[in-house]
Amino acid sequence: MRITGGTAKGHTLKGPGKKHRALRPTTDRVREAVFSILADHVIGANVLDLFAGTGSYGLEALSRGAGSVVFVDRDRKALEILAHNLRHCFPDASARAFQLDLSRSSSLACLYSHLPTQASFDLIFLDPPYEKNLAENLLEMVEDSELISDGTTILVEEKKNQLLPERVNRLKLFDSRRYGETGIWLYTPSSP
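The opening position of the sequence shown corresponds to residue 3 in this note's numbering, with each subsequent residue numbered one higher.
Take the hints with a grain of salt, since some may be wrong.
Calculated cross-link-like contacts (lysine to aspartate or glutamate; reagent style DMTMM-like; alpha-carbon spacing at most 20 angstroms) [said to hold, decoys possible]:
hint, residue 1, residue 2
1, K16, E138
2, K162, E133
3, K79, D103
4, K134, E183
5, K174, E138
6, K16, E34
Please keep in mind that the hints were generated in silico from the structure rather than gathered at the bench.
Use the sequences and the hints to build the structure in full.
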């Protein structure tokens, strides 16, 4: 696993290893394709990486010019690996990590209350465990939170055969792609 573009291109990221099989880092190929789609939207962005795992999406965003990243995961071991990757690749980055269980509906409000600026995010990565059917409920939670604004882009990664709706309240699907077994859906707020 490595950073695929930007200032840290080529840096190797520590992965979960064989002992921690519950973690499924996004492949280099998928990340590279995703960031080609996002292009300049990442530069200067405030990024939220939900279900961050070892941090590959957020770290890639930092490498490609994101202004700040907030990482959230419930797994302590994943957050330890993420901290190692941050120290190794971006020791001076504007980044914070929180250990939260995102399956609880109150978790996003809790996260929001702990943010120093309590501002919305420009880009949100939502990469829940495959096969748990969490994505649609999580999109509803994010849409109902104070974490988004009119210009926010939300990227959902799920198994390619997962069915996600074209609309989740005011969130509208504007792009979807398939890469091997991985599906990517991109949403943004819009008028009803």
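Q. Under the criterion that the straight-line Cα-Cα distance not exceed 20 angstroms, is the pair K162, E133 satisfied?
A. This hinted pair holds, its Cα atoms lying about 10 angstroms apart.
Q. Are the Cα atoms of K79 and D103 separated by 20 angstroms or less?
A. Status holds; Cα separation ~14 angstroms.
Q) Straight-line Cα separation of K134 and E183 no greater than 20 angstroms? A) With Cα atoms ~15 angstroms apart, K134 and E183 stay inside 20 angstroms; holds.
(Q) Given the hinted pair K16 and E34, is their Cα-Cα distance within 20 angstroms? (A) 18 angstroms, holds
(Q) Check whether the Cα positions of K174 and E138 lie no farther apart than 20 angstroms. (A) 12 angstroms, holds
Q) Between K16 and E138, is the straight-line Cα distance small enough, at 20 angstroms or below? A) Violated, at about 30 angstroms.
Checked against the numbered hints above, the structure violates only hint 1.
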